[in-house]
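Novice: One letter stands for each residue in the lines below.
Number of protein chains: 2
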Amino acid sequence: MFKIAILGHGVVGSGTTEVFFKNKESIEKKLGGEVDVKYILDIRDFSDLPYGDRFVKDFGVILNDPEVSVAAELIGGLNPAYDFVKALLNAGKSVVTSNKELVAQKGAELLKTARDNGVRFFFEASVGGGIPIIRPLHQCLAANEIHEIAGILNGTTNFILTKMFRDGMGFGEALGLAQERGYAEHDPSDDVDGHDTCRKICILASLAFGKHVYPDGVYTEGIRGITREDVSYCENWSGSSGKGAVKLIGRAVRSGEKAVVMVCPAFVNGSSQLAGVDDVFNAILVRGDATGDVVFYGKGAGKYPTASAVVNDIVSALKNPGSGKRRSLHWEDAPKQSEPEDYGGLTSGFYLRIKGSNPEAAANGAFGDVAFLSGNGRPGDEAAFVTGKMSGGEFGAKLGALRGKAEILGRARVFDDL
Amino acid sequence: MFKIAILGHGVVGSGTTEVFFKNKESIEKKLGGEVDVKYILDIRDFSDLPYGDRFVKDFGVILNDPEVSVAAELIGGLNPAYDFVKALLNAGKSVVTSNKELVAQKGAELLKTARDNGVRFFFEASVGGGIPIIRPLHQCLAANEIHEIAGILNGTTNFILTKMFRDGMGFGEALGLAQERGYAEHDPSDDVDGHDTCRKICILASLAFGKHVYPDGVYTEGIRGITREDVSYCENWSGSSGKGAVKLIGRAVRSGEKAVVMVCPAFVNGSSQLAGVDDVFNAILVRGDATGDVVFYGKGAGKYPTASAVVNDIVSALKNPGSGKRRSLHWEDAPKQSEPEDYGGLTSGFYLRIKGSNPEAAANGAFGDVAFLSGNGRPGDEAAFVTGKMSGGEFGAKLGALRGKAEILGRARVFDDL
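Chains as they are written, first to last, in the working numbering: chain A, 1 to 418; chain B, 1001 to 1418.
Bound conformation, chain A alone (with noise of 0.2 Å):
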């Protein structure tokens, strides 16, 4: 008989423990097996739920119950995420999580400790909600040198850009009808500011370029200065083919031995799999050297589809309970940097809505040849253009001539390579 611990009965914890008893049938069928959630920690009372006898307060019963051999930490944030999660595994017990932060911040510590102990630490929830990525991607990396990654990897912005674009909302405008809807937090600047995003970005990139990717490190910028304006004018670009859109895009390029990670909002070719990804859906974009193309597209958050990640998470842990001396999942630590890194590296295009009393000159003068969008009802002193490829370094210098020339409405990446 297995036993196993859910620590949290919030969203996702309540949704694990429904999945798990709905398919308690099939997991004991794969598992050759009987399996029972013994604990589950809150600190609030659940007395009255058909489970309510499993609940414990003290996260020192689950620890030292040698009867545990899985648990699942489904709290979020640091801390106390961090201290449970590394007491568990120095304990003797795998854990699952769909903690993000925690993974992005700790994630090459705690994948050495799982290492130390003989036991799993699985993070499957933490990118992509139900979308099946961390376990395919590490999968690939046997066949394959991963050359990129980028993906649409929060579904807030998404459902905000898309209502901008499909309906012609204004950002505060999609805004509100997010948090009206639940996608969005009162405080929405964990969303729309790129952080989420960027943890994520960094979960893929550590495991792809096998090196931890501190968020602190990565260039990030959210979605807030996106207007309807510059969505308008996207739709009115064309790259290469297709009708174009605005995406906030996690983007991880291998370039050498470094991994060069940012994240921006950008426009998006129409022939991208990415473009047509919209409302609160994410996709992830992975290119191998022998695969090719590779995307994972579906929901990327919600109550059931990251639940059932941590299911999946939760059966793989207790098929495969040691990892002994073979390599599985795995990254190493690196450096911290303090300040985002320079993404020198990463050459785009950029879009620029500007105004001035000559704003097609001053573009010019900057930028040299550019490519002027044209916009409905666009004021006489306004431009909108988008310039060649160039690094970020070039592009901050050349920004630089236009200023006392033009004043800078709106900017985006122009990614018409994904």
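Worth flagging that the hints you see were computed from the coordinates, not collected in a lab. Hints should not be assumed to be uniformly reliable.
Claimed, not checked - One side of the interface only, derived from the structure: several residues of chain B facing chain A at Cβ under 7 Å:
(1) 1023
(2) 1024
(3) 1130
(4) 1139
(5) 1276
(6) 1311
To be verified - Lysine-lysine pairs mimicking DSSO-like chemistry, simulated, CA-CA at most 27 Å apart:
(7) A:38 / A:319
(8) A:29 / B:1258
(9) A:319 / B:1112
(10) B:1405 / A:112
(11) B:1029 / A:258
(12) B:1024 / B:1303
(13) B:1319 / A:112
(14) A:3 / A:86
(15) B:1112 / B:1003
(16) B:1319 / A:29
(17) B:1303 / B:1022
(18) B:1303 / B:1355
(19) A:29 / B:1336
(20) A:319 / B:1029
(21) A:336 / B:1029
(22) A:112 / A:3
(23) B:1258 / A:24
(24) B:1112 / A:24
(25) B:1258 / A:22
(26) A:57 / A:38
(27) A:319 / A:3
(28) A:355 / A:319
(29) B:1106 / A:29
(30) B:1057 / B:1003
(31) A:258 / A:243
(32) B:1211 / A:24
(33) B:1112 / A:29
(34) B:1211 / B:1106
(35) A:29 / B:1211
(36) A:211 / B:1405
(37) A:211 / A:336
(38) B:1106 / B:1303
Source: prediction; values computed, not measured. Glycine residues also receive a C-beta, built at the ideal position from the N, C-alpha and C atoms.
Chain A is already provided as a structure; the job is to place chain B on it using the hints.
Specialist: Just chain B now, with coordinates in the frame of chain A:
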């Protein structure tokens, strides 16, 4: 030191050998030990290749070498692949294969043979080339009931349909181009008549629903009957949103205790993730009760994508040699049907293009209210329309009522719920 054997040195076999040696170092890191290709089986002479000393012509050498723990069967077709794989499994060696015919015809039996011998039988490369689908689908099953799988599973037919749709080519011209580019065989019937798609959806259905689905029992319709006219009417059809597309779809839907499986050309909604899948790309939509819709997209064929999937399977089989009592990849055998199963359980709309003295009246007479489609340069005696939803049986009966009043020029299913 692990020793493996590769059976077959054709496109996938040589690709696998190449990808293996290119990634030998990272594979060994993953395994925590050295690994080498001891034998390559091929009747042709490849002695001048860098690894030419590994070639053997006698299968018995591999079968009887206790050092070989994993073999990759990349010969294709049922014979002698089936005999070889069966013998290898019975000799206690794990087998991985890209052979969809073998898995579709003998999957249940070979999975049982593998289990009886405590070894592995993996076939990630048999569906979707380099797209990870078999293993993610299998892992999803722990926490999901799969309702449905629908996919664009054959790159050749998707290339042909894309050329017809995008460049206005006729079927013959597009097929010729596919042959010129090496996407289609000289005898293209396996692809264009839907047999390849049928094998793949059978494999996915068997895995998702737990019972073997034999290709012979599956209603299979290819794309030979699709004309430029049908494609052009589809452009003027709008399902619930966006511009639709004609795709060859393999579909498996749970219906009570049974799976309804079929292969046919269908109109797909513009808002579906499948509509934008063009050229030789494949995509597989999986609908689970917890995950919701998940789509896997990528190159469904080709030397390196397929080889990459084979090498991943080799590494998995080496890492997890025995399945023990636990149920890994597995499905039950089921009675083999000699006739295509009635697909009456699957209701959908139907597209028809007909010719007659009063085609509109004939359409309304047989099908009641239908939605007529407009077409440029449509002859006066032609009508194209989409019916309401009905079962295959109902459609057949109504089609009978049309006979004598109009000639049927084109038909397809209408899958506006994908």
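Novice: Among the hints numbered above, which are violated by the structure, and what are their numbers in rising order?
Specialist: 2, 10, 18, 28, 31 and 36
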